[in-house]
Amino acid sequence: MRLLLVEDDAILGDGLKAGLGMEGYAVDWLTDGKQADEALRLNCYDLVVLDLNLPRMDGMSILKAMRKRKDLTPVLLLTARDGVMERVAGLDSGADDYVSKPFDLAEICARLRALSRRQDGRNLPILEHKGVSVDPAAHQVFYQGNSVELSQKEFEILNFLMSHIGQVSSRARLEETLYAWGSEVESNAVEVHIHHLRKKLDANFIRTIRGVGYIIDEN
Amino acid sequence: MRLFPRSLKKQLLLSLLSSLLLFWGTTAYISYKSTRDEIAELFNAELAQSARVVQAFVENMLRQKALTKLWDHDKSQDLFDMPILEHKYERKIAFQLYSVKDGLVLRSESAPEFALSLNRNGYSETIIHEQLWHVFSLSSEKGDYVIHVGQRDDIRKQLAETIAGEQIFVFLIALPILGIMIWLIISRILSPVNQLKEQLASREAGNLKALSIDKLPEEMLPVIHQINSLFEMLEQAFANERNFSSDASHELRTPLAGLLTQVQVAQKTDDAEVRNQALNQAQHAISRMTHLVQQLLILSRVQHHNPKIDKQPLDVNQTLINVIADMDHIAHEKRIDIELQAMTGVKIIANPQLFEILLRNLLDNAIKYSPAGGKVKVQFQRLKNFMLLSIEDSGPGVPDDDYQRITQRFYRCVETANSVEGSGLGLSIVQRIIALHVAEISFGKSVLGGLKVVLKIDLLNSLSANTIDSVGSPS
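Keeping their order, the protein sequence lines are chains B and R.
All residue numbers for the first sequence refer to this note's numbering, where the first residue is 1 and numbers rise by one.
All residue numbers for the second sequence refer to this note's numbering, where the first residue is 1 and numbers rise by one.
Derived from the structure by calculation, the hints contain no laboratory data.
Treat the hints loosely; a few may be bogus.
So these bits of chain B aren't anywhere near chain R, every CB distance computed over 12 Å [claimed, not checked]:
id, residue
1, Asp14
2, Gly21
3, Arg81
4, Gly83
5, Asp96
6, Lys101
7, Phe103
8, Arg113
9, Pro125
10, Leu127
11, Gln140
12, Ser147
13, Phe155
Derived DSBU-like pairs (lysine-lysine); straight-line CA-CA distance at most 35 Å [as the list claims (entries may be wrong)]:
id, chain 1, residue 1, chain 2, residue 2
14, R, Lys268, B, Lys153
15, B, Lys34, R, Lys375
16, B, Lys34, R, Lys445
17, R, Lys311, R, Lys456
18, B, Lys130, B, Lys153
19, B, Lys130, B, Lys68
20, B, Lys199, R, Lys268
21, R, Lys10, R, Lys197
22, B, Lys200, R, Lys456
23, B, Lys34, R, Lys368
24, B, Lys130, R, Lys456
25, R, Lys268, R, Lys311
26, B, Lys34, R, Lys268
27, R, Lys311, R, Lys384
28, R, Lys334, B, Lys34
Heads up, the beta-carbon is just placed ideally off N, CA and C, and yes, glycines get one too.
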């Protein structure tokens, strides 16, 4: 999952980038409001974690601009103030959830998972399809009742495809969910991960559509 | 009980009623006296009148020979037949016809058998049976008889007392009615005070809205205006306090979140390098928060300082040397050169602790924002009636638009907020300390490229007279 983190505090931003990275998110971290706004216009993110108090352009304006151009990426607000009004204003401006500082890393992660679930239009925390079940919270995968050991990146690809059953995902899109800016992308990394997944699960579970991408079929 | 009750209502009622009583009492006494005199005059006139009527009657009878000069008792009996006393006052009025030759010839039943008066003409007073009588005597032209007409004094007294008594009676009835009326009028007039009392009593502690001045009498307006301006000041102080705690909590929440996140990353990770990095960051967060809390405490202390703080003559040059010496190690680490040009022997009137905090904050900023190998220049010199203390740095400076805002709590310049750590409180502390002294602060561009902070200290108010002569040349 590709995630944009906008937080101007150096220590908190660094901690969140590390913490969310450990959860498997590909995190892009920005400290400046204007830059964040531009990044959101140019890139496609699965999730946005947005601080309200930012230099040059505040979080609320970024959020409003997103919703105005019909960008429906789930946004989790970070607020440092206690006031109910700020939260109400945030939610009314199109935020999907908020967390008050200081927060627990586990809480942020749980809320982000809930946001992705809602985005995919489901409420069950566990994804199940054709004998394969994925538990995003526990990072566990079962195939026909047996636990399957997957690497972080394999898990991310499977999780993404399971969240978009019946839809073709391009190689570039999958790469985006795996790699943040600045991280080196190996040229055939996605193919390698898919290959491993096919070995660990059913060989026909993920179908390749040549020149387009990958899909998990509905039936 | 107090002699003067504290209640305005009771005071008004008591003073109004007692002055009424005094005024009325005096009036009643004077009118009693004059009534008595008037009554005396009236009765005296009546006595004289009666005497003349009796005389005319007697003369007429003498002319008709109905009454001989011999004062025949038997014959005159019919003529002077006295009817039965009919009026209660009749007993107290009497007349006598006294012949020089024969003595008492004729008298009314109420008259004694001896002469009412020894006078032959005019008014006199006689005491008969312990009663005072007023008598008018009238002699005939030939002087052969005298007519005495007398009246007991108690009639007059009784009459005057009856009149006075009626006045007292009316007043005794009127007094409570008057009291009630005065009470009602006072209550009505003072009702705005009551309304004000209720308006204040029903307020919650936090309600500092201005009191309404509708329907209030003119006399109360100054008080209400004073109360309202006090409310306004309180409201301002409370708002400041609220903003301060809200800002402070906001400023603490972010580093706290950072600390917590870093600690959790350290706990969770299996990678030793990531753990070390996270723990370093956590330690960094703690030292930053410690600094922030210290600055908050100083600001809160400075904010609650009484403007009449303890001030004393302070040697600025010496203080500057001390502060620079203290901070030298930080400057040394960054290879920053601090240059001091200060007049020696100049003392200003200031609070030593606060002035040192002020210098420390300004110098800390200058060092912090100057790049490694940069330069900081401190000058203390005289300009006419002012002493100028300037601190300049070779940092990036502050955009002109931001001069107004950099003294606001927690305000940090966008350009440097991320590259240089700070609490955003230093200049707020400086400004508050400036406000406690007779001084001004201004910001500008330094020739070194960075910010120039200038403190302008008024010599007339700040410098003691005997030290102005000892000002030496710049060192």
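Hint check:
1. For Asp14 (chain B), the condition that its CB be more than 12 Å from all CB atoms of chain R is violated, with the nearest at approximately 6 Å.
2. Interface exclusion of Gly21 (chain B) from chain R breaks down, the closest Cβ pair being 9 Å apart, not more than 12 Å.
3. At roughly 6 Å, the least C-beta separation between Arg81 (chain B) and chain R is not larger than 12 Å, which violates its mark as non-interface.
4. Remark: the non-interface label on Gly83 (chain B) conflicts with the geometry, its nearest Cβ contact in chain R lying 8 Å away (cut-off 12 Å).
5. Every CB of chain R lies more than 12 Å from the CB of Asp96 (chain B), the least distance being 20 Å, so the non-interface label holds.
6. A beta-carbon of chain R comes within 12 Å of the beta-carbon of Lys101 (chain B); the shortest separation is about 4 Å.
7. Listed as a non-interface residue, Phe103 (chain B) fails to keep its Cβ farther than 12 Å from every Cβ of chain R; the least gap is roughly 6 Å.
8. Against chain R, the non-interface label of Arg113 (chain B) holds: every CB pair exceeds 12 Å, the least being about 16 Å.
9. Listed as outside the interface, Pro125 (chain B) is consistent with that label: its C-beta sits roughly 20 Å from the nearest C-beta of chain R, beyond the 12 Å cut-off.
10. The claim that Leu127 (chain B) is not at the interface with chain R holds, since no C-beta of that chain comes within 12 Å of its own (minimum 24 Å).
11. Residue placement check: Gln140 (chain B) keeps its beta carbon more than 12 Å from all beta carbons of chain R (closest about 17 Å).
12. Its beta-carbon lying about 20 Å from the closest one in chain R, Ser147 (chain B) satisfies the requirement of being farther than 12 Å from that chain.
13. The beta carbon of Phe155 (chain B) sits about 16 Å from the closest Cβ of chain R, which is more than 12 Å, so the claim that it is off the interface holds.
14. Taking the CA atoms of Lys268 (chain R) and Lys153 (chain B), the gap is about 19 Å. The hint holds against a cut of 35 Å.
15. For the proposed pair Lys34 (chain B) and Lys375 (chain R), the alpha carbon gap of about 33 Å is at most 35 Å, so the pair holds.
16. With a C-alpha separation of about 28 Å, the suggested pair Lys34 (chain B) and Lys445 (chain R) falls inside the 35 Å cut-off, and the hint holds.
17. About 17 Å separates the Cα atoms of Lys311 (chain R) and Lys456 (chain R), which keeps this hinted pair within 35 Å; it holds.
18. Proposed proximity of Lys130 (chain B) and Lys153 (chain B) is supported: the alpha carbons are some 21 Å apart, at most 35 Å.
19. With a CA separation close to 39 Å, the supplied pair Lys130 (chain B) and Lys68 (chain B) exceeds the 35 Å bound.
20. Our distance criterion of 35 Å between C-alpha atoms is met by Lys199 (chain B) and Lys268 (chain R), whose separation comes to about 30 Å.
21. A threshold of 35 Å between alpha carbons decides the hint, and for Lys10 (chain R) with Lys197 (chain R) the separation of about 18 Å falls inside it, so the pair holds.
22. For the hint pairing Lys200 (chain B) with Lys456 (chain R), the CA-to-CA distance comes to about 77 Å; that exceeds 35 Å, so the pair is violated.
23. With a C-alpha separation of about 26 Å, the suggested pair Lys34 (chain B) and Lys368 (chain R) falls inside the 35 Å cut-off, and the hint holds.
24. With a C-alpha separation of about 80 Å, the suggested pairing of Lys130 (chain B) with Lys456 (chain R) is violated against the 35 Å cut-off.
25. The straight-line distance between the Cα atoms of Lys268 (chain R) and Lys311 (chain R) is roughly 55 Å, outside the 35 Å bound, and the hint therefore fails.
26. Restraint check for Lys34 (chain B) and Lys268 (chain R): satisfied, since their Cα atoms lie roughly 33 Å apart, inside the 35 Å limit.
27. In summary, the hint linking Lys311 (chain R) to Lys384 (chain R) is supported, as the alpha carbons are separated by about 23 Å, within the 35 Å threshold.
28. Taking the CA atoms of Lys334 (chain R) and Lys34 (chain B), the gap is about 32 Å. The hint holds against a cut of 35 Å.
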